[in-house]
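Student: Produce the complete structure using the sequences and hints provided.
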Amino acid sequence: MVNSSKKRLSIRELSEREFFYGHKACPGCGGSLAVRLALKVLGERSYAVVPAGCMSAVGFIFPQMGFACNAIISTFPGTASMLSGVAAGARALGLENVHAVGFAGDGGTADIGFQALSGAIDRHDKIIYICYDNEAYMNTGVQKSSLTPVGARTTTSPVGQRLRGAVTRKKPMFEIVAAHGIDYAATASVGYPMDFVRKVEHASRVDGTSYIHVFAPCPTGWGHETSETIAVAKDAVDCGLLYLAEYVDSRFFLNHDPGEFASVREYLLRQGRFRHLNEEEVLSVTVQRDAGWERIRREWKS
Amino acid sequence: MSSGSKTFISGNEAIAAGVSLARPHVIAAYPITPQTTVIERLAEMVADGILTAEYLHVESEHSALSACIGASAVGARTFTASSSQGLLYMVECMHYASGGRFPVVMMNANRSVALPWNIYGDQRDSLSLLDSGWIQAYAEDAQESLDLVIQAFAIAEHPDVLTPVMVNLDGFVLTHTYELVNVPDQVDVDAFLPPFQTTNRMDPDRPMSLGFTAGPQHNQAFKQLQHLAMLSSGRVIRETEERFGQLFGRNYPGLIEAFRCEDAEYVIVTLGSVAGTVRPVVERLRSMGERVGLIRIRYMRPFPGKEIRDALAGAKAVGVLEKDISFGYEGTVFTNVNSALTRAGVQLPRLLNFIGGLGGKDISVTDIEALFSRLKSTDEGETVTFI
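Line order of the protein sequences matches chains E and D.
Take 1 as the starting number for the first sequence in the numbering used here and just add one per residue.
Take 1 as the starting number for the second sequence in the numbering used here and just add one per residue.
Just so you know, not all the hints are guaranteed correct.
One side of the interface only, derived from the structure: several residues of chain E facing chain D at Cβ under 10 Å [stated by the list, open to error]: (1) V49; (2) A120; (3) F252.
Computed far set for chain E versus chain D, every beta-carbon distance over 12 Å [to be verified]: (4) K40; (5) N97; (6) Q115; (7) P149; (8) V167; (9) H224; (10) S227; (11) P258; (12) R275; (13) V287.
Some residues of chain D that are not near chain E, with every Cβ distance over 12 Å (derived) [claimed, not checked]: (14) A47; (15) S63; (16) S72; (17) C93; (18) D141.
Simulated from the structure, these hints should not be mistaken for laboratory data.
Ideal placement from N, C-alpha and C gives every residue a C-beta, glycine not left out.
Tutor: Below, the structure is given as structure tokens:
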């Protein structure tokens, strides 16, 4: 259930306070930007639960802590279960106006942390789970996850004579969590920060489980300039490979229809991980995009 | 002194009763035989409003302990229970809980580990985890189970300890055996065990980072502190038992129970419910004038090396009987006992290791008598034998 009486946050209202700084993230890191923005919305009474992965590796190096709110590293599979414990503990102790918020990467969410996430959604635990999706295991040096897109070069899906990058398609995490009957789910991109911020703010008012899947480019792993993170994150939406959507009250909503798509070819070839793709492979990605959008436009409310 | 009430309950039900009296804030658990009746009784108490606690139906043991750690990290008192495969599934979180100094209390129903599959009791599950940083207690009967689990919270949460505690009950033999148990009154347990207070928590008014990374220059210092805390838990265990005895009239002997050991020449060292089989054999042999004794190890961590050395001062032969084997070497309890005696630098008694009860294999009175005969014989032979 969502309390919709509160009006939407505008950029002017976004807190000037910072809760994630002094960390060692790479220049141009999309994931750290997602964490920073989300905590600006959720504020000082947040419990950030961060599993093994980039954000914990860069944010918790004793004695230099990167979080100004309460924060804890969870086990790699345990983001959602630890969030559930934090929320249950806070409730039992009568702590009010607190947010249990998780920041896990794509591998920590769609692979090793998936079981615990599914369990937490099933219990409708009052937690906010934010997956920053940089489409591979970046902390360990760019290995393929189940959210690595088809064709992408990683160190475990290299481009060779026989195989040319990842051969599997991304798991549709947004629709998978929605299929649980989750209380609130959304996709977002750091390229559209106010859309992301609005969704975090919405999640903060949900009395149940929220899941936000935020697209977060990684210049180190993707092979683009560090100054291009926002442009790439925006481009992914504009070329239609990523959609901005919400799942509220058991219904799907499309937040943004680009209408005429930007070039998939340009989006892909600006990144080193896709630069090996030939015209046929680019066309295949485009055809899959179109099939996806045909269904989204037919079934989801705009 | 507390009067309590006498009830006829199983080992598992005694654990559930004790946990309820300890007023945990959060219980997270996943079912596994033979632990199940613990979490069933607790679920019933929560459903009936007898126990006010957040009861999380998690989807795995890993999540059970992960959730307990999360709850403990905000200052909540937490409990979980598991066994065998489930315990092994949560191992990552066991090291996590101890390293983060989160005083979670867990009951483990000792059960064999697959393969081959087997649901019956041996102690290979918990004994393989002696190095996970948890205090490990082993109960002999249902009353001790109840008392141990209440004491476990006081020990784990003690500021000098802040270390998780695992209370072990032999699967079925203890978990499912019904005995007359004195269940203390809530008011007395409240006096014994005040609400959990800790500074090692994420306070919304005083934010901090927990569960962090510590590099090569700091990591070992944290591990040394953890080791010192575990060592000091021996003192806290004895103090806790003393306080418990004063309030409830049931006195416990510390890390080991030495039974008829004062002048014993032939001693069996063991742990858990099988001590109940050894004890009458010792009594009978004593009545026949034989100088035999029993040491029941109550805590495997912290390890009662000194207590065992002292109790075995006059022994000629000692047999360590355990439901465990470290393949390719010997039983782990034996390794620990042997190390304690060697460190004492005293004249070593003859030391034998009896491995038994694996996968629930029965250990009878006749078996125990044969072990004492073996200790008294001077025949050479294998140090490690399966009974």
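Student: If a hint holds in the structure, say so; if it doesn't, say that too.
Tutor: Each hint tested on the structure:
1. Given the 10 Å rule on beta carbons, the hint for V49 of chain E holds: about 7 Å separates it from the nearest Cβ of chain D.
2. Nearest Cβ of chain D to the Cβ of A120 of chain E: about 8 Å, under the 10 Å cut. The hint holds.
3. A hinted interface residue such as F252 of chain E counts as satisfied when its beta carbon comes closer than 10 Å to some beta carbon of chain D; here the least separation is about 25 Å, so the hint is violated.
4. Annotated as non-interface, K40 of chain E keeps its C-beta farther than 12 Å from every C-beta of chain D; the closest such distance is 15 Å.
5. Not every Cβ of chain D is farther than 12 Å from the Cβ of N97 of chain E; the closest lies at roughly 8 Å, contradicting the non-interface assignment.
6. Chain D draws Q115 of chain E into its interface by the beta-carbon criterion, the shortest separation being 6 Å against a cut-off of 12 Å.
7. At roughly 28 Å from the closest C-beta of chain D, the C-beta of P149 of chain E stays outside 12 Å, upholding its exclusion from the interface.
8. Here V167 of chain E stays apart from chain D, with its beta-carbon at least about 30 Å from theirs, past the 12 Å limit.
9. Consistency note on H224 of chain E: stated as away from chain D, and its beta-carbon is indeed over 12 Å from all of that chain's, at 28 Å minimum.
10. The claim that S227 of chain E is not at the interface with chain D holds, since no C-beta of that chain comes within 12 Å of its own (minimum 29 Å).
11. Annotated as non-interface, P258 of chain E keeps its C-beta farther than 12 Å from every C-beta of chain D; the closest such distance is 38 Å.
12. The claim that R275 of chain E lies off the interface holds: its Cβ sits roughly 34 Å from the closest Cβ of chain D, which is beyond the 12 Å cut-off.
13. Annotated as non-interface, V287 of chain E keeps its C-beta farther than 12 Å from every C-beta of chain D; the closest such distance is 37 Å.
14. Distance check for A47 of chain D against chain E: the nearest CB is about 16 Å away, which clears 12 Å, and the non-interface claim stands.
15. Listed as outside the interface, S63 of chain D is inconsistent with that label: its C-beta sits roughly 3 Å from the nearest C-beta of chain E, within the 12 Å cut-off.
16. The beta carbon of S72 of chain D sits about 7 Å from the closest Cβ of chain E, which is not more than 12 Å, so the claim that it is off the interface is violated.
17. Residue-level check failed: C93 of chain D sits 6 Å from the nearest beta carbon of chain E, not beyond 12 Å.
18. For D141 of chain D, the shortest C-beta to C-beta distance to chain E comes to about 32 Å, beyond the 12 Å cut-off, and the non-interface label holds.
The structure is inconsistent with the numbered hints 3, 5, 6, 15, 16 and 17, although it conforms to all the rest.
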